[in-house]
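Protein chains in written order, with this note's numbering: chain P, 11 to 305; chain Y, 41 to 349; chain S, 313 to 587.
I should point out that these hints are in silico values taken from the structure, not numbers from a laboratory. Possibly wrong hints are sitting among the right ones.
Stated by the list, open to error - Listed below are the simulated DSSO-like cross-link pairs for lysine-lysine, each with C-alpha atoms no more than 30 angstroms apart in a straight line: (1) S:K419 / Y:K243; (2) Y:K243 / S:K399; (3) S:K380 / Y:K257.
Because the structure is a prediction, the values reported are computed rather than measured.
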Amino acid sequence: MKVIQRLLDDKLAVFCLLVISIVMIAGVLSPVLAPHNPLELNVFNKYAGISKDYPLGTDQLGRCILSRLLYGIRTTIFLALLTMFVTILIGTILGIIAGFFRGKVDEIIMRMCDVMLSFPAEVMILAIVGILGPNLMNVVIANIVAKWAWYTRMIRSVVIQYMDKNYIQFAKVSGCSTSHIMRRHILPGVSGEVAILATLDTGWVILNISALSFLGLGVQAPTPEWGMMLNEAKNVMVTHPTHMLAPGIAILIVVGAFNFLGDSIHSAINPKLYQKKNNRSRMNVFTRNKKFISK
Amino acid sequence: MGIYLIKRVLAIIPIILCLSFLAFVLINLRTSDPAEIALRVNQMTPTEDMVNAMRSTLGLDQPYFVRYFSWISKSIQGDFGESYVTHRPVAEHIATALPSTLQLAAVALLIIIVCSVVVGVLCALYEGSVGDKLMRAFVFLSAAMPSFWIGILLIWLFSVKLGWFDTSGMERVSSVILPAVTLSLGFVSTYIRLIRNNMIKNKNENFVLYARVRGLKESRITLKIFINSMQISMTALGMSIPKLIAGTVVVENIFAWPGIGRLCVSAIFNSDFPIIQAYILIMGVMFVICNLVVDMINMMVDPRLRKEM
Amino acid sequence: MSLLEIKNLSVNNLRTGQQIIHDLSFSLHENRCLCIVGESGSGKSMTAKAILGLTSPWLQVNGEVLFKGMNLIEQSNATMRKVRGQKICMILQDAMTAFDPLSTIGKQMIETLRENLVMNKTEAKELAITALQSVQIYEPEQVLKKYPHQLSGGMLQRVMISIVMVIKPDIIIADEPTTALDSINQREVVEQFKKLLAVNHVSMIFISHDLSVVQYLADDVLVMKDGKCVELGEASKILSTPSHSFTKFLIDTRVGLSQSFQQSMSGGEAIVLES
Chain P
11 MKVIQRLLDD
21 KLAVFCLLVI
31 SIVMIAGVLS
41 PVLAPHNPLE
51 LNVFNKYAGI
61 SKDYPLGTDQ
71 LGRCILSRLL
81 YGIRTTIFLA
91 LLTMFVTILI
101 GTILGIIAGF
111 FRGKVDEIIM
121 RMCDVMLSFP
131 AEVMILAIVG
141 ILGPNLMNVV
151 IANIVAKWAW
161 YTRMIRSVVI
171 QYMDKNYIQF
181 AKVSGCSTSH
191 IMRRHILPGV
201 SGEVAILATL
211 DTGWVILNIS
221 ALSFLGLGVQ
231 APTPEWGMML
241 NEAKNVMVTH
251 PTHMLAPGIA
261 ILIVVGAFNF
271 LGDSIHSAIN
281 PKLYQKKNNR
291 SRMNVFTRNK
301 KFISK
Chain Y
41 MGIYLIKRVL
51 AIIPIILCLS
61 FLAFVLINLR
71 TSDPAEIALR
81 VNQMTPTEDM
91 VNAMRSTLGL
101 DQPYFVRYFS
111 WISKSIQGDF
121 GESYVTHRPV
131 AEHIATALPS
141 TLQLAAVALL
151 IIIVCSVVVG
161 VLCALYEGSV
171 GDKLMRAFVF
181 LSAAMPSFWI
191 GILLIWLFSV
201 KLGWFDTSGM
211 ERVSSVILPA
221 VTLSLGFVST
231 YIRLIRNNMI
241 KNKNENFVLY
251 ARVRGLKESR
261 ITLKIFINSM
271 QISMTALGMS
281 IPKLIAGTVV
291 VENIFAWPGI
301 GRLCVSAIFN
311 SDFPIIQAYI
321 LIMGVMFVIC
331 NLVVDMINMM
341 VDPRLRKEM
Chain S
313 MSLLEIKNLS
323 VNNLRTGQQI
333 IHDLSFSLHE
343 NRCLCIVGES
353 GSGKSMTAKA
363 ILGLTSPWLQ
373 VNGEVLFKGM
383 NLIEQSNATM
393 RKVRGQKICM
403 ILQDAMTAFD
413 PLSTIGKQMI
423 ETLRENLVMN
433 KTEAKELAIT
443 ALQSVQIYEP
453 EQVLKKYPHQ
463 LSGGMLQRVM
473 ISIVMVIKPD
483 IIIADEPTTA
493 LDSINQREVV
503 EQFKKLLAVN
513 HVSMIFISHD
523 LSVVQYLADD
533 VLVMKDGKCV
543 ELGEASKILS
553 TPSHSFTKFL
563 IDTRVGLSQS
573 FQQSMSGGEA
583 IVLES
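Sequences and hints are given; from them, build the entire structure.
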């Protein structure tokens, strides 16, 4: 497909995909890759520096930081991906139903979306975590509840656009079943927009999960999680400031990769943006401002 | 104009009602029994009699809609009930905490506006220069950095190492700076990008060409581009106000700033539902009202929108 | 006597390496109207922009544009600003987007007049009112208070013409001023230009792809195709006996169109138009 071709041509996008894949594989293989058990306490060895045994040192309870970082991938990223998957699933189903069938069903779903969207997302998440209790599953549920309305809205509008197109009318008239139309025609059209939003939102969700864990409302000790690790690092800031670096950099790299990827998908799908991106590199500094052109 | 305003205000009322109902539904999704919690929090072992007594005190034995109406009517009058923990009126807690949050949000908003306008405009005027590229890299990075990480790094640098600011609390005027900067960093990147892109788009518009054709001074043309760009960006900036107020939660926690974010978080830890309830309702209403105010201001500023009235 | 002389003008797109205008040469004589004709994308507007130094930064302009002893291409931005406002004025194609959407017409006219003519606000306002009246805009005071989106394309086009009329430049460049208008407004605007030429003794470069307008207004014609000059000479000669095949093609197409229009209007009888 042209879009995938353009995406693969973009070196930055490929790099980001690589980074994300490496991180995910590391998460899956963390029992193999981690030098120690992340929960293993070794109080006599606390605050150890970088060594062959402990590549990133140990924290205040003597646990290996690298191992906690690797296992943290599972908690932070996989949960974020789960959240995104469920959100998109709900959004897609409701959006397609609303856009395809219109009428009463559409009205009801849209009113629900309106009410959900009239709340700021952060408040909604806090509310749900507050009411259901602070634990990791509730954080996931909160994120899903906060975001599904966006996707439903967006997918519905794309579906409505497509419904007007002639080939859908033809398919309807020629007797194709509803599910067939949805699968073959509407889903591919919608997938582009969804891909962009989803990639950018994954970064947002990762930041959210780690923020809530930082506050103590998400993950509970001693499960390793990057936000939680930063919270623990905060407490020893005066004596061991370096502990703040590793988890923060990890979050930065992963969220940055997702953001860049989202941007690249956006350019790949929209050919005009893609052109601009490539043309700019051909200009050199001197041609940019007419004043400097010497005759 | 006046009629339109009244129409818009009336249109909000059903939204607020739905909001409040949603908030009420949410609250009642809690899995734990508030009567039990209220007893436990005050170190009383809940026997069945005591739980029942507490339940009727809290009015929990009444039907759903009756409870909703009594809650909503009391809330309109400002009575949000009492905290389970301190037994003081929730309204009192909120009245002390809200001004601090608003103060923090106001300073952060100022920083956001000044930084994003200055940097956005400069980046647009010198599009493609080294400075522009650096700024875009910075914008990108700060969008990926968690605000709490920046917060603790800033504390380490400026409070621990350099000793310029307090690490926490609200004692001095200067203690608002680090929290406000941390809070603003999450938004500044978006707005720099927005203003820069709007200005660049406007630079290429026909009216800029015609202004040049007419022989107007370059400074005047830049001003025209700026006003046109700002007018578009203002809606977005206006919308950031409720987001700012909602987003203070993390920052208040790191810097021990006594605002409603901190109030809500400790309420969550204590399962202090009246406070959580009030927080949701107030934040929701504030959001909707802010939306309306921003829309109205936008309409006053852009003559094209007035046509729709 | 030639007022404006263009020698070997060429414009290159440095981004794509494409050459937009190839070695263009022509002259504009005093009190004459030169019409530049061609299809869309033949480089007509680009020529006008190149003369005034308004091309995008990534377009390289070479050659000579001689005006009153100066080569305009070599001049600084400050000098060109004065030239654009007072000596060579341009009227743009799309009037509806040409004005600043957030400022009233009055403000924009006054700022233009004050920038290019020496006067204060009150004098500028009076001049603006006179200008609007001379292009048959009634109730000029009301129009001054309006925003651009509240006026029609034709009216905005006439406002642009009125500004140019009172500034009285040496050369007026009109870039397809009638293209974006409906036929009634087109007629009015073309009449305004005719009046300009007759009364004010100004020299004009009129860019259009509409041959009927060209026929009505032009003294000289320059035909462009793909950024090159294809034919250049007096209007009467070129339109009746075109030498280049492309010009012939343009004229034939136009005549063909008018013929079929006449046919359908008169119910079947073809009336041949006098060219």
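Going down the list of hints, with the structure as the test:
no. : hint            : verdict
1   : S:K419 / Y:K243 : holds, 20 angstroms
2   : Y:K243 / S:K399 : holds, 25 angstroms
3   : S:K380 / Y:K257 : holds, 23 angstroms
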